[in-house]
Amino acid sequence: GAMVRQAAVTALAALALLGAFHAAAAQNLPLPPLPYDYNALEPVIDEETMRTHHLAHHKGYTDKLNAALGELREDSQHKHLAKLGVDNLLHRLDQVPSRLRGAIRNNGGGYVNHDLFWKSMRPPTEGNAPQPGSRFTRAIDRDFGSFEAWKATFTASALSVFGSGWAWVVVNDAGELAVVTTPNQDAPDLPPVLGLDVWEHAYYLKYKNRRAEYIEGFYRLIDWDAAEARLASLTDRTEL
Amino acid sequence: LHDLDAAAASQSFKLPDLKYDFGALEPAISAQIMEIHYTKHHQTYVTNLNATLEQYAEAEHKGDVAKMIALQGAIKFNGGGHVNHTLFWENLSPNGGGEPTGAIGDAITKKWGSFDAFKKDMSATTAAVQGSGWGWLAFDPKAKDIKIVTCANQDPCSTTGCVPLLGIDVWEHAYYLDYKNVRPDYLNAIWSVVNWETVGARFDAAK
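Top to bottom, those sequences are chains A and B.
No gaps in the numbering here: position 30 of the first sequence is 30 in this note's numbering, and each next residue is one more.
Numbers in this note's numbering are just positions in the second sequence, counted from 1, shifted up by 240.
Derived by calculation from the structure, the hints in this document are not laboratory data.
One should not assume that every hint holds.
[Claimed, not checked] Just the calculated beta-carbon pair ranges, DEER-fashion:
(1) B:V422 / A:A229: 33 to 39 Å
(2) A:D75 / B:D261: 49 to 55 Å
(3) A:G70 / B:A429: 29 to 35 Å
(4) A:R99 / B:E339: 31 to 37 Å
(5) B:G263 / A:R92: 48 to 54 Å
(6) B:S252 / A:Q27: 57 to 63 Å
(7) A:E216 / B:Q272: 22 to 28 Å
(8) B:D346 / A:N172: 55 to 61 Å
(9) A:E47 / B:A429: 23 to 29 Å
[Unchecked claim] Coverage of chain A stretches by chain B, computed from C-beta distances (three or more under 8 Å per stretch; other residues unrestricted):
(10) 55 to 69
(11) 202 to 208
For glycine and all other residues, C-beta sits at the position ideal for the given N, C-alpha and C.
Looking at chain B on its own, in the form it has when it is part of the complex (with noise of 0.2 Å):
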């Protein structure tokens, strides 16, 4: 997250660098809904988040207190859109797939009893989400244990109280070109580009 601290310092955030082509994750994941979901749909949440701060600080200085409220759910969509796609993107690779060792192997096996039953169980809660959100493997710093929680629309992992450590976008963008209505097929293929190198190291991070 140092592009987040680095941009909130200069109030411009940007799309953060792909660290694969858009055709690294495929079958999973095709090109094409790389290319529409990083290009489109990250970009306008990057360039609307902006766009409100923007409008936020002019309200600030004014002490408009009332237009600050109202700029806030769009601070919300659009910065949610932002920090969730700029975690997913890093939670993929196309280097990714088989099975969590470490900690958090060590973790997801204590708490599920294997890999297995915790696949099917965050496969089936993220394919649950109503509409439009995401699922999240997270950290809940109270009970220090890991957990699965679900978001509604671009509401971060934060909200929940929780860290996030492995998150899976289940709005319709993300895998409708390729998979149509079956939500299911896509989250049984998104295990073979997780990038447990990474979520291994946000939970060492966060427990």
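For reference, chain A alone in the conformation it holds in the complex (with noise of 0.2 Å):
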């Protein structure tokens, strides 16, 4: 009876505390995978870069987040702010506890904009461009005139950002593209339909100083179908 008793709560016991560190390990989120082979994206962006940039910097960022939201479940008064997602979380920075603030905003930016990076590259193709007659290519002829125009500003603007950053293309409400640029990492206040990762780390070991080649060699690597879907996705249901 009560040695029953006693091994049931014993067994109760294990298994709450393997449930308690199942749901912690179950809720980490994982390190994005990379769409294609580490060394796809040569000549472009060469193999030794794509590793590090995947398993170092995207890991530590993926890593550091993790830690941050796990520190954000223990908050009684914040934890359900763990459960809006990281991009939401993003854009609902000044309701985070000002000791986790910077630690959201650099990791769980670190986290997003990586995925979204890797998403808008693919294996590089010549004459890479948008379809002709497609919705983006519709949407960058009637906001910047035509896709040389669109590059031009693409390009200046990637240029431009100081220190470390990215450069993104936006889409607003009304479906309309724009070029902006944020700081570290920082996420846009519109939604990117893609970007570019402008820190050092993105390009030094092939390009050194050499950031316009870099930005360069991106035309040739950009995803325009999954641009495009994404694009597709977040307009709303009117025709351009």
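These two chains come separately, so use the hints to put the complex back together.
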């Protein structure tokens, strides 16, 4: 009687502990996988850069984000924020307790930014451009005048970032495209459809200080089909 | 900073002479990094500073205040880059390393308890800089004390109100080819080439 009860209590306690451990582990965000091999973006982005960028930098942001979210969950007043999803959380940083705000901003930003960056690219092709007549081509022509004009704007913006940061193509509620930059790992205010990392670690091993060459190479890598799909899902139902 | 005064008079800044070979700071900092850092990055700040100041002088001549204001960001970036790197090359030396003596040595021990405690603090604080920036051991003239400050991008130490004594560049270009993402390894290594003579002289002049 008593012994069976004791054993049951012990077993239940062990299960609860395991459950708690599993819950914590299950809540950890994984490092988003690279959509292609580490050498797939050669010769524009070298394999060593891709490995370091994904397995060291992006992994670092992932681990530190998980640590920060873990701390957030311990905070009974603010733990609901950890359920918002990282993108939403990055737009509600004012609600995050100040002791965790920087960690969430930098590591949450690093986490989502690099995920979008990998997905913004595919193996290089010459003459890479959005499909003629596609939603993206029509939006670029309408909002920038021409593909060449858009390219010039994007290049200038990516070059203008001083220190660490990103260049983005973002879309507003009306489906209009814009080129913006953000410093460090800050998220753009409007949702991005593609992004370019211009932190030095993104290009230094191969290009050293020659950021302009790296930006020129990026155009051969842009996954226009993926960007088009993101634009479609972000835009309202109104036809252009 | 004699070079900067002279340059101001002639309205054209120049890359200062490096007092040692590119390979002199190995293994802490490789010759490859030193060459690119000095001949490309620092040179670009100097070139862009001169170009911006030319535009500024023109705008000032025309009384175009809006243009003058618009150029201030570029003056801060490039001017700060030139000031910071000039200080940086001088506070490194192939004969550097070890522990500081004299007034600066005493001040560090007094404030941190030991040189090792100071090194640990400065390494950790500088490693924590988000994105691009610098870590400085600086003299606060109001508090009449030394402290560790960090600055973003190329904001010079003077923007904190303090006098720079020892600067450590943690832009990725300063260490990436040698250490990749492992900034703490770079910070660990750089202590072996810190020029305490120069740092001490700056402290003596500031206090």
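Structure-based check of all given hints:
no. : hint                        : result
1   : B:V422 / A:A229: 33 to 39 Å : holds, 37 Å
2   : A:D75 / B:D261: 49 to 55 Å  : holds, 54 Å
3   : A:G70 / B:A429: 29 to 35 Å  : holds, 32 Å
4   : A:R99 / B:E339: 31 to 37 Å  : holds, 35 Å
5   : B:G263 / A:R92: 48 to 54 Å  : holds, 51 Å
6   : B:S252 / A:Q27: 57 to 63 Å  : holds, 59 Å
7   : A:E216 / B:Q272: 22 to 28 Å : holds, 23 Å
8   : B:D346 / A:N172: 55 to 61 Å : holds, 60 Å
9   : A:E47 / B:A429: 23 to 29 Å  : holds, 26 Å
10  : 55 to 69                    : holds (count 3)
11  : 202 to 208                  : holds (count 3)
Every hint, counting from the list given before, is met by this structure.
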